[in-house]
Amino acid sequence: MIRLSVTARIALLSIALALVTNAALVLFVRQQLHRNAIAALRRDATEQADTLVAVYRSGGLYAVRQAITDAESPPDPTLVLAVLDASGHNLIGDAPADVSPQPQTEIVFHIGRIGKRGRWAQVETGYTLRPIGRDWLLAGRMLADWEAEQQGIERALLLALALSLALGIVAGLVVTRYVVGRLDRLADTIAGVAEGDLSRRAPDTAGGDAFDRLARQLNAMLDKLERLMAELRIVTDSLAHDLRSPLARLRTRTENALLLPESEQRDAALSGLLAETDIIMRMLSMLIEISRSEAVSRERFTEVDPAALIEEIGELYEPVAEDAGVHLSVAIEGEPRPLALHRELMTQALTNLIDNALRHAAAGREILLRLVQERGALVFQVEDRGPGIAEADREQALRRFGRLDSARTTPGAGLGLSLIQAVAQLHGGSFELDDNAPGLIARIRVPA
Amino acid sequence: MTRKILIVEDDIATAGYLSKGLIEAGYATETARDGRDGLFLASEGIFDLVIADRMLPGLDGLTMINAIRAAGIRTPAIVLSALATVDDRVDGLKAGADDYLCKPFSFAELSARIEALLRREDRAASEKQQTRLNVGDLEIDLLARAVTRAGKAIPLGAREFNLLEYLARHAGQVVTRTMMLEKIWNYHFDPGSNVVDVHIGRLRRKLEEGFSGPILHTVRGAGYRLSPEA
Numbered sequence: 001m002i003r004l005s006v007t008a009r010i011a012l013l014s015i016a017l018a019l020v021t022n023a024a025l026v027l028f029v030r031q032q033l034h035r036n037a038i039a040a041l042r043r044d045a046t047e048q049a050d051t052l053v054a055v056y057r058s059g060g061l062y063a064v065r066q067a068i069t070d071a072e073s074p075p076d077p078t079l080v081l082a083v084l085d086a087s088g089h090n091l092i093g094d095a096p097a098d099v100s101p102q103p104q105t106e107i108v109f110h111i112g113r114i115g116k117r118g119r120w121a122q123v124e125t126g127y128t129l130r131p132i133g134r135d136w137l138l139a140g141r142m143l144a145d146w147e148a149e150q151q152g153i154e155r156a157l158l159l160a161l162a163l164s165l166a167l168g169i170v171a172g173l174v175v176t177r178y179v180v181g182r183l184d185r186l187a188d189t190i191a192g193v194a195e196g197d198l199s200r201r202a203p204d205t206a207g208g209d210a211f212d213r214l215a216r217q218l219n220a221m222l223d224k225l226e227r228l229m230a231e232l233r234i235v236t237d238s239l240a241h242d243l244r245s246p247l248a249r250l251r252t253r254t255e256n257a258l259l260l261p262e263s264e265q266r267d268a269a270l271s272g273l274l275a276e277t278d279i280i281m282r283m284l285s286m287l288i289e290i291s292r293s294e295a296v297s298r299e300r301f302t303e304v305d306p307a308a309l310i311e312e313i314g315e316l317y318e319p320v321a322e323d324a325g326v327h328l329s330v331a332i333e334g335e336p337r338p339l340a341l342h343r344e345l346m347t348q349a350l351t352n353l354i355d356n357a358l359r360h361a362a363a364g365r366e367i368l369l370r371l372v373q374e375r376g377a378l379v380f381q382v383e384d385r386g387p388g389i390a391e392a393d394r395e396q397a398l399r400r401f402g403r404l405d406s407a408r409t410t411p412g413a414g415l416g417l418s419l420i421q422a423v424a425q426l427h428g429g430s431f432e433l434d435d436n437a438p439g440l441i442a443r444i445r446v447p448a
Numbered sequence: 001m002t003r004k005i006l007i008v009e010d011d012i013a014t015a016g017y018l019s020k021g022l023i024e025a026g027y028a029t030e031t032a033r034d035g036r037d038g039l040f041l042a043s044e045g046i047f048d049l050v051i052a053d054r055m056l057p058g059l060d061g062l063t064m065i066n067a068i069r070a071a072g073i074r075t076p077a078i079v080l081s082a083l084a085t086v087d088d089r090v091d092g093l094k095a096g097a098d099d100y101l102c103k104p105f106s107f108a109e110l111s112a113r114i115e116a117l118l119r120r121e122d123r124a125a126s127e128k129q130q131t132r133l134n135v136g137d138l139e140i141d142l143l144a145r146a147v148t149r150a151g152k153a154i155p156l157g158a159r160e161f162n163l164l165e166y167l168a169r170h171a172g173q174v175v176t177r178t179m180m181l182e183k184i185w186n187y188h189f190d191p192g193s194n195v196v197d198v199h200i201g202r203l204r205r206k207l208e209e210g211f212s213g214p215i216l217h218t219v220r221g222a223g224y225r226l227s228p229e230a
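Quick mapping for you: the protein sequence lines, in order, are chains V and U.
Note that our numbering has the first sequence beginning at 1, numbered continuously upward.
Note that our numbering has the second sequence beginning at 1, numbered continuously upward.
Keep in mind that a hint or two might mislead.
Far from chain V by the CB rule (all over 12 Å, computed), these chain U residues [what the hints assert, rightly or not]:
1) 91
2) 129
3) 221
4) 230
Taking beta-carbon pairs under 7 Å as the criterion, some of the chain V residues facing chain U (in silico) [as the list claims (entries may be wrong)]:
5) 121
6) 271
7) 273
8) 288
9) 289
10) 290
11) 292
12) 297
13) 298
14) 316
15) 344
16) 351
17) 355
No lab work stands behind these hints, which were simulated from the structure alone.
All C-beta atoms in this analysis are idealised placements derived from N, C-alpha and C, irrespective of residue type, glycine included.
One chain only, chain V, in its complex shape:
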């Protein structure tokens, strides 16, 4: 089967629809006119017959003859008025000799050919036949004129139909042009984007019709795509950039290790190299973990007692903090019920926060791991008494690879907080930084 273009199909459809509706209309009009015309004819014939019957009653057959003659002058070739005897013979007026309806039964109104010869057989007549004394009165009208009139109307209707077909084609082309034009603009935008120009947007989005909605949706999608691409570019750039420095360190240390004369010194230098390699590996696996956690399914969640989770982490880090001269304590407010969590990712997020606190806020000598049951939410928070993060800098701190200038000198990939953010989002929650006056509060809020 030949697949027509969308344009052709829309045009054909609209033409076909115009044709069908107009044809139905024309048919209806024709039928209506026809019925009205027949009703008028019938009324005429009946009235004429009534009049003549009344004339017969008052003046007899003579008066009827007079009346018929009057009615025929001037002569009207379509008018049929005649009196027939019981065997069908013509007594008065003009009627075929072989009138086909045998005057035995009264006919109220009938359309048909009344004779077998001459003009009577060519044209139909609308007539009525009723008794008048011992004879029969035939009254009616031949349909020659009427038919011509009908044909005229039908011709006009056919013409209208043809006109509507032409109009349908025009309308179809206009509609198609409009639809295809608007679709083309969207398609152009998409083609532009596909060619790499991510800043292209669909025009005319102010209106409220379906095309405008489509354009708006398309633009929203493109906005998101552009943002993601930009983010990806930043990530790739920063990744390449941030990998350079540990790799450069690795290279320098390798060179130095090669130059060491003593094998024992060389061994020590080599294990330093391993540690450096591990930093790079950690950076990469955390990055993978972040991008994966943005698409982890809920099946990974298990029922976890949040208090036990927090206490376990506290216990794990308490000695680490103590070695760093920091007192780490755990506070649990209320009685949090078990809830579905990704235990490992949540633990990893919290240990990242503690690591950050130990790295940047050890001078504060205090870290508090707090679990707060709020209405409809559970808050895991890590509070320190360090320098905190100025409000203006918090957004920068949350960005992937975002490192505050003050942190550039300490080793780290700047991935910790964005992993935490990803974990919070995975749980349908949020991550925020707040002022502990003095110090920093890092808060993971999870709906519960």
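Got chain V sorted already, so can you dock chain U onto it with the hints?
Okay, now just chain U, sitting in the frame of chain V:
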């Protein structure tokens, strides 16, 4: 008796590196290039351990291990994989691997895990339920959860006890930091700071301060070893 290890790895360089290292460590090795060959060889049941890459041509590592298990062969298996997220590891372990190691790994890590697995098999085969572990003059009562060294009681926290028990069950072997994180804390990620070292440091102080000699040794670049000999 030399232990036989089957290596199923399609990357020739990695397979060579594994084979060389394992032979140097005193094992006999055989290498299969894909999952089908691996399954065929492992079905003989003559190996003490299988090391399989997760992503193999033909039959992937986890499917291969499942097929080996289905054939009734209990040979312990370690899966190596470049898939390194927490969920990947947990999936690998759930799928029937006895251990899961992410690439790249240090050879020390692999060899510690191989030893731990082989030891576990031996224990399961020979020993009955143990209630007491002895390492030199260190005595661990598993029922009372009490520890004495040279007859002197050493009070330990619950986690410290678990740590010591794990080390004692692998006495003489290297136990790595990640093994301890996985087994003691059930964490399949690397917490970054030296948390394990700090806990070991504390345990070591309790085990060694005031006693005759070191018993909990640091193995550079690998982990720790509990042993009366240095």
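Structure-based check of each hint:
no., hint, result
1, 91, "9 Å, violated"
2, 129, "28 Å, holds"
3, 221, "5 Å, violated"
4, 230, "17 Å, holds"
5, 121, "96 Å, violated"
6, 271, "5 Å, holds"
7, 273, "10 Å, violated"
8, 288, "6 Å, holds"
9, 289, "5 Å, holds"
10, 290, "10 Å, violated"
11, 292, "5 Å, holds"
12, 297, "9 Å, violated"
13, 298, "12 Å, violated"
14, 316, "6 Å, holds"
15, 344, "5 Å, holds"
16, 351, "5 Å, holds"
17, 355, "5 Å, holds"
In terms of the numbered hints stated before, the structure departs from hints 1, 3, 5, 7, 10, 12, 13, listed from lowest to highest.
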